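S.K.: First to last, the protein sequences are chains F and U. Using our numbering, the first residue of the first sequence is number 18, and each one after it goes up by one. Using our numbering, the first residue of the second sequence is number 1030, and each one after it goes up by one.
Wrong hints could be hidden among the right ones.
[Said to hold, decoys possible] Taking lysine-lysine pairs in the DSSO-like style, the calculated list, with each CA pair at most 27 Å apart, reads:
| hint | chain 1 | residue 1 | chain 2 | residue 2 |
| --- | --- | --- | --- | --- |
| 1 | F | Lys316 | U | Lys1214 |
| 2 | U | Lys1047 | F | Lys189 |
| 3 | F | Lys55 | F | Lys316 |
| 4 | F | Lys316 | U | Lys1057 |
FYI, nobody ran anything at the bench for these hints, they're computed from the structure. Predicted, not measured: the structure shown is a model, and the values here were computed from it.
Letter by letter, the chains look like this.
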Amino acid sequence: MKFFFFHLMPYADLDLDYDQKYNSAWVTLPNSYCDPRKVHALYNRYLDELELADALGFDGVCVNEHHSNAYGLMPVPGVMAGALSRRATNGKIAVLGRALPLLNNPITVAEEYAMLDAITGGRLIAGFVRGIGAEYHSWGVNPAVSHDRFHEAHDLILQAWTQPGPSRFEGKHYHFEYVNCWPRPFQEPHPPIWIPSQGSRETIEWASHPSRKYVYLQTFSPVSALARFMAMYRDCAKSYGYEATADQLGWSVPTYCAETDEIAYREAQPHIDNFLNKFLRMPAEMLLPPGYLSLASMKAVMAAKTAMIGRQTIDSVIEKGMFLCGSPATLREKIARYQEEIGFGNLLATMQFGTLPHELVVKSTQMFAREVMPHFRSQRRVSAA
Amino acid sequence: MPAATAPLRRLQEDGMAKSGFETIAGCKIKVMRAGAGNPLLFLHGAGGASAWSPFMERLARSFEVIVPEHPGFGDSDAPDWLDAVGDLAYFYLDLIRQFSLADLHLVGTSIGGWIACELAIRDCNALASLTLVAPAGLRLKGVPKADIFMLAPEEYARNLFYNERLAEAAIAHKPSEAELEAQLKNRLTTARLAWAPRLYSPDLHKWLHRISAPTLIAWGEDDRIIPSAYGPLFQSLIPGSRLTTIAQCGHLPHVEKASELADLIGSFCREARP
Chain F
18 MKFFFFHLMP YADLDLDYDQ KYNSAWVTLP NSYCDPRKVH ALYNRYLDEL
68 ELADALGFDG VCVNEHHSNA YGLMPVPGVM AGALSRRATN GKIAVLGRAL
118 PLLNNPITVA EEYAMLDAIT GGRLIAGFVR GIGAEYHSWG VNPAVSHDRF
168 HEAHDLILQA WTQPGPSRFE GKHYHFEYVN CWPRPFQEPH PPIWIPSQGS
218 RETIEWASHP SRKYVYLQTF SPVSALARFM AMYRDCAKSY GYEATADQLG
268 WSVPTYCAET DEIAYREAQP HIDNFLNKFL RMPAEMLLPP GYLSLASMKA
318 VMAAKTAMIG RQTIDSVIEK GMFLCGSPAT LREKIARYQE EIGFGNLLAT
368 MQFGTLPHEL VVKSTQMFAR EVMPHFRSQR RVSAA
Chain U
1030 MPAATAPLRR LQEDGMAKSG FETIAGCKIK VMRAGAGNPL LFLHGAGGAS
1080 AWSPFMERLA RSFEVIVPEH PGFGDSDAPD WLDAVGDLAY FYLDLIRQFS
1130 LADLHLVGTS IGGWIACELA IRDCNALASL TLVAPAGLRL KGVPKADIFM
1180 LAPEEYARNL FYNERLAEAA IAHKPSEAEL EAQLKNRLTT ARLAWAPRLY
1230 SPDLHKWLHR ISAPTLIAWG EDDRIIPSAY GPLFQSLIPG SRLTTIAQCG
1280 HLPHVEKASE LADLIGSFCR EARP
């Protein structure tokens, strides 16, 4: 199994009483809550944490993309990937943005990723996402055409990477006479593509298609949902006539490791609580604008409220397997069990969450790298059958 | 004046009106119809037109009232070609031709008013009159519309109506499965048409002078979705148009002041085509 250190870069200095005046840390929370001097310190601290993870032997470090919010301060994740490229030199660098439908010119992503791939000598993992619903409010992009634009932007970027340029692209949303990406990506034919998702049949059918075989990442979901969507991916692959491998499947999950289960629980509790109830806080209208999900998916979501709506506690997220928290022995046992049951080959640990301070991030990350990860290194490659 | 309209197939009773399906430009839509007299085509807003209402019933005393559900709304098909309000303008021009409608009184509310404007700037030939009730379609800088996609359902209801009892009744109503499905579909199509630019076309203002039909603009004085300050803007751009504000009324005069609005439209139409 491969381990990745995933940073969200929250504005950890947020005045947590903001919710007495505002209903969300997204879209409409005034940016007067954000002190650029504190952001300066946070960015540098977070980059230190990512570089530490790379030095400790994680297989890669991950950054992501969100806009106009206190939950994640990386509206342009390529800046962070660029900053990391010369300091985190051992493992991969994964950009688990870019929200393609938000862009009027997706060629900018083809160029940015090709640059990162070239600087790092082929260590880039290229993420493609639609962004979460809130992004469509912040950027004024029509969520009703989000799926269409995602697929078309993807096709355009792949064309830019794989067809000799200049070439013409004739889409509904995008049309270019001269697609001619300079530089070309370092990796042939292009960097590995990862698709983070909250889970939908449409996305899985698309990602698992034999022409793509993209790595599917289940983000912040109950382990029951993880199991369901991973099984769906394998079933889709079978129906396409091939066996999916474990390295096509990934799980992104907040993780905290400490000396004992009790210490881990006590140290993590206030910070995961802030993550869940302060940083993730948003009303349904913000999270799920019309068209962001298909009508069928929307009905399913309304029947069972999503993970991101409603109050959660450390107990509820530990119980649902949405938060890995405990001693190295507990984490080894849980990860081994989930992996055996579900068969994913990539674990993306979010080891800083909410207000978790630097010292605890470092302690937890070191312990995880030294006492949890090696246990899975000796394993033979697990097939996803 | 004969209302030379084609008969509707598969007629069913829907309250007082006949309801059935028609295929226009390859798209099957639901159409309700009642009354006799010159034809009056009512174009609904974001909430759809799933049921015959007292407003329609009152108009049906004087007109043959035709109420389609727009493509993408309610029981109507959602065609692949539907991208923008202009598509619906051409669709309804096709409907007018297919139904052989002439001397038509066209009434549109909110997004339906926007569709009516887009239709009228393209071709006014079939129109005897045009009534715009709190139409969307323009942007007045510095006068924002409500963010209808961000409001929670309760806030939305409270912003729709002047009369709080109507808002509370809307909030208390528990939608059936079918109603919920229609609401989701209507909301999706509204986003498709109006998310960006938000509830307006950057080109419409350039061509409103082309409207040659007598035009009435009606606005609820207390409209908190599209402020009544938009009324004078429409009036200034549509030659010879008349602007009326309706007191103690929000964004849905056809619901909140059904009789008053129906009578206002009735007398305007008689004046336009005595």
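S.K.: Compare the structure with each hint and give your call.
M.R.: Going down the list of hints, with the structure as the test:
1. F:Lys316 <-> U:Lys1214: Holds, at about 11 Å.
2. U:Lys1047 <-> F:Lys189: Measuring from Cα to Cα gives roughly 39 Å; hence the hint is violated.
3. F:Lys55 <-> F:Lys316: Distance ~41 Å between F:Lys55 and F:Lys316 Cα, so the pair is violated.
4. F:Lys316 <-> U:Lys1057: Answer holds: F:Lys316 to U:Lys1057 is near 24 Å, not above 27 Å.
Checked against the numbered hints above, the structure violates hints 2 and 3; every other hint is satisfied.
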